[in-house]
Structure formats: C-alpha cells, structure tokens
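Turn these sequences into a full structure, and let the hints steer you where they fit.
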Amino acid sequence: MTLSEGYEAVIGLEIHVQLSTRTKMFCGCELSFGEQPNVHTCPVCLAHPGVLPVINEQAVRYALQIALALESEVAPRSIFHRKNYFYPDNPKGYQISQYDIPLARGGQLGDVRIHRVHLEEDAAKLTHVGESGRIHGSATSLVDFNRGGTPLVEIVTEPDLGDPAQAREWAQLLRTTVKQLGVSDVNMEEGSLRCDANVSVRRAGAEELGTKTELKNMNSFRFLERGIAAELERQGAVLEAGGQVEQETFHFDPRTGSLTPLRSKEYAHDYRYFPEPDLVPLAPTEEMLRAASETLPELPAERRERYQAELGLPEVTARQLAFDAELGDYFERALEASRKSAAAEGSAPERPTTIANWVTGELVGRLREAHRSGDAAEPGEVDPASSKVSPEALAALVGMVQSKRVTTGAARQVLAVLVADGGDPAEIVEREGLAQMSDTGELDAIVERAIDAEPGAAEKVRAGNSKAMGPIVGAVMRETKGRADGGEVTRLIREKLGAE
Amino acid sequence: MSSDVLELSVAEALRRIEAGDLAADDYFDAYAKRAAADELGAYLWRAEPGSVAGAKGALRGAPIAVKDIFCTEGIETTAGSRILKGYRPPYTATAVRRLADAGARLLGKTNMDEFAMGSSNENSGYGPVLNPWDRERVPGGSSGGSAAAVAGRLAPWAIGTDTGGSIRQPASLCGIVGLKPTYGAVSRYGMIAFASSLDQCGPLTRDVTDAALLLRAAEGRDPCDSTSVGIEGGVELPSRESLEGLRFGVPRELSAEAEGIEAGVSEVFERTLGVIRELGGEVDECALPHAAHGLSAYYVLAPAEASANLARYDGVRFGPRADANGDLIEMYERTRAEGFGAEVKRRIMLGTYALSSGYYEAYYGRAQRVRSKIADDFRAAFERFDYLVTPTSPTVAFRLGERTADPLTMYMSDFCTVPMSLAGIPAISIPAGLAEPDGGGPELPVGFQIAAPAFDESGLLDAAHALERAIDFDTRPPG
Amino acid sequence: MIDREQVLHVARLARLELTDEEVERMSGELTTILDHVERMNELDLDGVEPTSHVVALENVLRADEPRPSWPREQVLEPAPDPAEGAFRVPSPQA
Ligand SMILES: [Mg+2]
Ligand SMILES: [Zn+2]
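Protein chains in written order, with the numbering used here: chain A, 1445 to 1944; chain B, 671 to 1149; chain C, 658 to 751.
Derived from the structure by calculation, the hints contain no laboratory data. Careful: at least some of the hints might be erroneous.
[As the list claims (entries may be wrong)] Chain A stretches covered by chain C per the calculated footprint, using a threshold of three residues with CB under 8 Å from any CB of chain C:
{"#": "1", "region": "1457-1471"}
{"#": "2", "region": "1518-1532"}
{"#": "3", "region": "1717-1724"}
{"#": "4", "region": "1789-1799"}
{"#": "5", "region": "1927-1938"}
[Said to hold, decoys possible] The calculated EDC-like cross-link candidates involving lysine to aspartate or glutamate, where the alpha carbons are at most 20 Å apart (straight line), are:
{"#": "6", "chain 1": "A", "residue 1": "1569", "chain 2": "C", "residue 2": "730"}
{"#": "7", "chain 1": "A", "residue 1": "1656", "chain 2": "A", "residue 2": "1604"}
{"#": "8", "chain 1": "A", "residue 1": "1784", "chain 2": "A", "residue 2": "1692"}
{"#": "9", "chain 1": "A", "residue 1": "1660", "chain 2": "A", "residue 2": "1598"}
{"#": "10", "chain 1": "A", "residue 1": "1569", "chain 2": "C", "residue 2": "677"}
{"#": "11", "chain 1": "B", "residue 1": "755", "chain 2": "C", "residue 2": "734"}
{"#": "12", "chain 1": "A", "residue 1": "1569", "chain 2": "C", "residue 2": "741"}
{"#": "13", "chain 1": "B", "residue 1": "755", "chain 2": "C", "residue 2": "741"}
{"#": "14", "chain 1": "A", "residue 1": "1656", "chain 2": "A", "residue 2": "1896"}
{"#": "15", "chain 1": "A", "residue 1": "1656", "chain 2": "A", "residue 2": "1692"}
{"#": "16", "chain 1": "A", "residue 1": "1925", "chain 2": "A", "residue 2": "1896"}
{"#": "17", "chain 1": "A", "residue 1": "1660", "chain 2": "A", "residue 2": "1684"}
{"#": "18", "chain 1": "A", "residue 1": "1660", "chain 2": "A", "residue 2": "1533"}
{"#": "19", "chain 1": "B", "residue 1": "703", "chain 2": "B", "residue 2": "674"}
{"#": "20", "chain 1": "A", "residue 1": "1527", "chain 2": "B", "residue 2": "1031"}
{"#": "21", "chain 1": "A", "residue 1": "1911", "chain 2": "A", "residue 2": "1886"}
{"#": "22", "chain 1": "A", "residue 1": "1660", "chain 2": "A", "residue 2": "1640"}
{"#": "23", "chain 1": "A", "residue 1": "1569", "chain 2": "A", "residue 2": "1697"}
Built from N, CA and C at the ideal position, the CB exists for glycine as well.
So, in structure tokens, the structure goes:
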C-alpha cells in the first residue's frame, strides 16, 4: 500500500468502450482499425456544411445491452447534448454526447456501483509529427478522421474503489463483462477500451471527499494500477507535507511510467452543453429492451456462481476463470473435450477442478513464461485459445495423467512441447519416450544404482532424515527422464534404506 | 414573347408547356438571360442560358432560384460568407434534389445575409441586394436575393430558409408570397445550419398556387434528417374562393399593441381584415400573452445554436485558413475573425455568452421556457380560431444603411414572425397592398401574415389563396 | 452590463480574434441586446418545461448498414494544408 496510515484512497473510473458496430455512430462510414488515414470518412463525419447526424440503431442496442448487464436503470427517455470545444480531432466543434439525461443511471458490477452509462461519439486520431520544416520551428499534427464518429459507451462508476489493485481487478471484470456481450473488442492497447481514473485521498473515516485529480491514457490494466498507485503516492506526500491537492488532469506516459500534468488549457472546462437540436429523444420501447435483454449471454458473476455450484471449483479458481473471458471459454472447451472422449471410451470424465487447475496453473504459467512477462497477465495477453495448445490436447493430456499413462512431471514436459509446437500429446509421449514406467524390475535397478551413486544422502536417510532423499530421487528422475512415478520412487528408496 | 413569359406564374407556364404552347428550354433561357443581366445583386451564381435538359417531371424543366444556403454538388455554396469562399459541396441538399427530381432546373444561387443572419441582406459577404421596388432600399432578409429575384422577374420562383422570418419578411418587403412551412415539413439535410431547431426551407413565389406547387415537390420525410416528417397527405393545390366558416384571430400583442408598426402598415392590415370579412370570414381579437417575449427568447436560442453550428468553420478541413505562425489557437481565432462578418460575430458572441458557465439557466433555460409558453399560447388560440393574422413586418422596406448601426432596431423587423418560428407552426406572407413609410416616401409593398396549426399547410394555402384573389395585388414593381 | 473582460473571455471561448475597436463595440451592443432579452425576467416561468424540440418524434434510428465512404482525394481536395493523406494543423501541444 502506497498511502501512509491514517489516509484512505477513493477511486472512481470512467470507461470508454468503442462499440463494434459495422458503421459509425451518426453516419454510414464503416469502422476500421489500422488503415490508411481518412479512407473511412464522408461529409457527415468530416462535418461539412449542412450535414446532419442520424443515430445508429445497433449502437443503441449495444448500449442497452451494456446498461442491462450493469443492472443500470434505462431512462424512459434520454436526450443527446452538444459538448462544445475546439480541437482538431473534433470536426463539428462539438461532440454529440449525453449530459443530464443519460441512457441509463445506477447499477452495480461486482462490488462497485455504477453511476451512469451513456452513448457518444469518438474523436478523430491526432498524430503529433514534430517540426515540419514548412513553418520554421513549429510543430504540427496530422488529423485522421477514420476513427472520428465511432460509437462509444461511457461508463462512470461511483468512487467505490479503495486501492489500485482493486481498481485493476474491477476494470478487468468490466472488460470481461463487455467482452461476453460481444459488443466491443475491448482491447486496451488498440484503444477500444479506455480507462480514466478519478483519484482522491482523505483522512480515514472522513465523510468528505478530498480534491480529486483525473488520470488519462493508461492503456493497459497494468498501467492503470501503476498510474493510480503513483498518483496516490503523490497526493499522500502533498497532504503529509501539509499541502493541498489541486484539481488537475494527468497524462500517463506508458514509456516512462510517469504522470505529467496536462497543460491547463485556459477555459478548457466551459463546454457549454445544450440539447442537440438535430436529434430527437431516445425512448427505448418495451420491444427494444426485450430484444436487448434476450440476447444477454452468461455474465462473469453468473459464470463464477455456476463454476462453484455446478462444477465444484474452488472460489479463487472459479473467479479467475469467470472473470477472464478467454480463459473461461478455453476451460469450457477443454472440459467439453474431456467429457466427449470419456464418453467415447466409456470411462469417467476428469474432474472439472483438475482441468481448471491445469488451465489456470500449468498452462497459464507456461504461456506467460513464453510471453516473457513477469507481471500478472493482462486479460487476453495469454489467451490460450490463440496458443498452439488446443483445448482437446490439454484435455487428452490431463486424461493421460489421471489414468497414470504419464506422470505429472512428464506431462509438464509434454505441455512444454505443446506450447512450443502444438500437436497431439499421445504422439509426443510416444516420440519422446515419456510413457510412465510400468516395469517395476527396471525401476528397482535404477533406484539401486542411484543409492550407490549418492552415498552421503543415503546415509542421512538411513539415519532417519527422509528429507535428504532429494538427490537420490533427482538421479532416478534424470535416468528415467521423468517417466517414473514419483510416489513409487520414494516408496522404493524408503524400502531399500529401511527408513520410516 | 420573352417579357410575357417572365410575367407568367409557374403554374401557368407549366400549363403552356404541357399544352405545347411554350418550350421548356425557352422558358428556362428567358430567365437565364434575364438573370445574366442581374442588376439587383440578387445572384451569387447563375446557370448559363442554353443548358438544355428537357421537360421531365411535374415541374417540366422550370427554372428555380435557390438560396446560397443550400448545398449544390460541385457548385460554389457560401451561405453568403467569406469563410466558405470557393467551397464546392460534395453533395446536394435534399430539398434541392427533390425539386430537381420533380423536374425543376437550377437557375442560380441567390445572395443572402451571411449564414442567414439578418433582415436586410446587408450582412452578405458578397455585397447587398437592392429592392426592385426602390433600389435605394433593402429587400429584407435573410432570403433577400431570392425575394428580389422573384419580385424583379429574375426568377419565376425560389426557395429560401426561414429561422425567425427570413422568408416571410423579405417576401413582405418585395411584394411577393413567402411561406415558412411547419418545422419538419421539408428536410434540412444540406441546408447550411443557422439555428437547427428553427430553420425551415420554404417557397418564395409570386402567388399562392406556386407556393403550394413548390412545397408539394420539396416536402417529405428524409432519412438523412432525423427531425423531418413531411406533410401527411401531401400538399393540395389551393382552390378556395370564399372564407365562409373560417375564424381568424388577431393577436393584439402582434398588431394593435405592438411597438413600431408603421401607420401605413396598420392601415393596410386593417383594410385586409375588412376583405376577410367581405369574403365571409369571422375576425376577432385574441391574445398570445407571451408572444411579445418571442424576440427575446429567439435572440438567445438562435445565437446559442448558431454558436455551435458555426464552430466547424475552423480552417482545418475546408475553407480558407489564416496565417498564424504555427499556433493552433491563433489559427482558429484569425481564420474565424477574417472569415466571419460583424453580425455573425455578434451572434456567435451572444450565443456563446448565453451558454457559458453560470449564465445557462438565466438565458438559455429561460428562453426555452418562454418558447414553451408561446407554443401553449398558439395551441390555446387555435382552439378558438382556424388561423391567426398579423402584419408580416412592422415596416415597409427601409433604406440601405438605415439600420446597420443599430442591431436591436434591425432585430425588431422579425417581431411579428419570430413567435411562429418558436412554435414551429406554418405561416405565410402574402402581399396585401402598398403603403408609404413613416415620414414619407414611395409606396411600397405591405405583407399580411397568416399562421396555421402545425401541418395544416393545405388549409393555410387555401385561405391565403381566397384572400389573394380578393386583394388582387399587382406584384410588378414600378418602372 | 457586458464589460471588456467578459467580451474577451467569451471571444476566447468562441475562438474569435477581436480588435480593440471590436471589443469596445461588442461590449456596448451585447449590453443593449441583453438588456432587451432580460425582459423575459418579468415572466413567471416556475414549473414550465423547457422546449428543445417542436417535433414530437422519438427513436429516429438508422440501420447499421455501411454506405460507401468518400474517396480520399475528394476528402482532401478542399483541405487548406493536406499532408500524408491527412489534414495537417499546427500542433495543439506546441
Ligand atoms: Mg466521454
Ligand atoms: Zn462518415
């Protein structure tokens, strides 16, 4: 914890979700990512004279789905406002957004209350190009309107988060929830999910909130956590020194991990909101609401409950799988594969917990290693579905362990091969000679050789220190390439050395 | 033949074309040649004579003048502003396209007050327009070019836009018919926005039948304009000759009690009430208790919307850009300072102020509530009356330069037309007679305004037609 | 009364450069106009709903169907300073 005792953090999040509709919020231009600049534009999204916006029906449907998933109360009638400010990425000179009557208010996700959910349009992309040479000594920027007008849902939470890790975990839950809805790619690095934080510090137990600052541009969950932690530390130091926190906006620099205050633009805060006269109110009908709720898939909270109640997973594992959409989906596919092959062979399927442990433990660990990321994983960063390990292969491998065809150690080796090259576990076991040793005579001889090779250790074990057995077990495993069953090896050593 | 042709109503010309007595191309050329000799400053762009298109559709190739506020693909469209000099839109406004689909041919783009802000056409970035009745006087505005062109026989008819009176007031000052339809009757797509909740496209014509003919072709729901609905059942051509059974209310706040109505205007107005009675109509006084506050509400709401609508003229994507030593804010501020005229700047300032932090409720919020009260007043009045009548403009055409130094006096020109705009209801101005201005001068046209409940355009045109027949005004300017 | 300072503040919000003379004139004109506008204050408007739209429409929506975008040459043709397929502007970060 970065705050000194006696202080507490109050954190709220403002999240922008780019909807994955086919077209923009107010015109028929297709959404795109990573294309040549200004190839998906038209007079409407370039704000030429005389054009008018028309609301995308699908964007409304998606926004309603998000609102319902967050248990937010949909307004019987909401209106759009113009938010006025000049900026090159804002072609009309105003953003069409919602203001005092948003699409939905209230709600809850996990432990955090939702303040509001509203629809708006995204800004264009501005690239700073530095000195151009054309105008001596002056920097320029390039505007690309492809992104301009992309439908956005803005979600604002109540300030219910108490520390950076909780903020991160909750943001990941929100991501998973929206991902499950299938209404957005929710990719933080590509900007389809953007997370700003409002951070303040107050004396523990105080009613009144401290002055909050706004953090922007934290384009990963890791950075969200780090950015908030850094800001809490800064505010704590200011307060400790008897100073006052000023209302400011900070920009997080992912390269340096530092927060820089945005140059306080004069008058930047007078947005002069007023009702958008070019659009009529949104009044979701029973029909629209029913259509939105009927298409709601299983959401993370429900999934976690099901994993615990029906599959008997421990809470931590259930949560880990349910709150990370990619992981949960992969787990379900592996479970399904295991059931199918068990049915085909007439054997009992693996316990869900066993499969779950392999997914969340061995597999995620291996993938993260391959990704060379020491930190906790970003959701989607170690998406097993995009690895070379198919859920069927993992299920088959777990099955082989359960039926003692391979040892756990050998299975880990097989998994390493699967992660690197993919393939069929049975074939790998065959090829690498990893099948569990079933010939007790052979193992017996190997154990004896190992005892002879490690006389020091053998002496200690004989004297009653069974913990000293390690080097002998190691020698056996080396010799058998892990094919020997660990339990059987230990038993044989004890037997031969007369230990307890 | 040509001077004859220029005196025909469009309806009559179409009859002759259909009967084979008039060639559509000759009809078009007669006007194209006349427009080429425009001595009123009415046009900003004109089609070449000899552009043969054939007589298709109900409008059979009839020429039409279009206010320069409507986007026309590939043809310079400036809304009377220097900030759009050289701007060639990539698309055509829905209203213009509908008229073209009905067979009308674009004759020219007409001069106007910059971004439709003005009542005299003196705010154009491209010079003033002269009133064909007296070239020392203004034609009214903001559709001054359209009104002067139609009155001066430079066009058989035209479309304009009306936000607070910009069709009706110039029609009144130029002695022609001008109709502001119900808000939502005609698409606003491609009509350069001034005040989006008030702007409406409508006809300027020499008689009521032509206004009906034009509106019939232009109206309709447009998927590109979320606020458009069209007129249910379309527009019927007027045929009424008597006013038997119709009740006309005279709101005293916009007539007898109104400030600044010239004596000559009052006299023509009273005389016209007499004509209504002669035609069998009932005339009675009524109240619109909040109508006198319409101008106040209007001068908050319209500038507020305009301040946002005009923010897109920023020198980034189109239009001229001022030199600013590589500073973005200076680039914005200079581009806009150089591109906008004095009145536009004034209204942007007014609107920005009214919306700014701490003032919103006092100005914008209040104005929206006054708007509600005015709409309620009209609803109540229409329970007792079929139509409400007022003078269109408090005065006849004033002299060029007479009001330019005093914005508020200029704004008073729209005193009688603004309330209908706020309520979104249709209103027509028809020429009712001639009167001298206060203090003497030549006799000039006086307009008579009739307002109707929302979407009752057919009834409104019918009543106006009966009255027009009885008044029998000669729309030809002297000389 | 709209004084010089207020005029400058509003002009800044509206991104309009005004000459000293314009500031003077604007201050007088806006004051006169707003004095007139403030006659609305005579009215009792308690409990009156504000009107933003005169059309009684709701839920005017369009299907999520792509329409062809505009060729880039045409998009950039009217641009005051096109560069690298984009609109170049003085940097807001400068
Ligand atoms: Mg937002
Ligand atoms: Zn577009």
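Going down the list of hints, with the structure as the test:
1. 1457-1471: holds (count 4)
2. 1518-1532: holds (count 5)
3. 1717-1724: Check passed, 4 qualifying residues.
4. 1789-1799: violated (count 0)
5. 1927-1938: violated (count 0)
6. 1569/A with 730/C: 19 Å, holds
7. 1656/A with 1604/A: 14 Å, holds
8. 1784/A with 1692/A: Violated. Residue 1784/A to residue 1692/A sits at ~57 Å, over the 20 Å cutoff.
9. 1660/A with 1598/A: 14 Å, holds
10. 1569/A with 677/C: 37 Å, violated
11. 755/B with 734/C: Holds, at about 14 Å.
12. 1569/A with 741/C: Holds. Residue 1569/A to residue 741/C sits at ~14 Å (cutoff 20 Å).
13. 755/B with 741/C: Given pair residue 755/B, residue 741/C is violated - Cα atoms ~25 Å apart, limit 20 Å.
14. 1656/A with 1896/A: Violated: residue 1656/A and residue 1896/A sit about 70 Å apart, past 20 Å.
15. 1656/A with 1692/A: 8 Å, holds
16. 1925/A with 1896/A: 19 Å, holds
17. 1660/A with 1684/A: 25 Å, violated
18. 1660/A with 1533/A: 17 Å, holds
19. 703/B with 674/B: Holds - the C-alpha atoms of residue 674/B and residue 703/B are around 14 Å apart, at most 20 Å.
20. 1527/A with 1031/B: 16 Å, holds
21. 1911/A with 1886/A: The given pair, whose Cα atoms are some 25 Å apart, is violated under the 20 Å limit.
22. 1660/A with 1640/A: Cα-Cα ~5 Å, so holds.
23. 1569/A with 1697/A: 18 Å, holds
Taken one by one, the earlier hints fail for this structure at numbers 4, 5, 8, 10, 13, 14, 17, 21, listed in ascending order.
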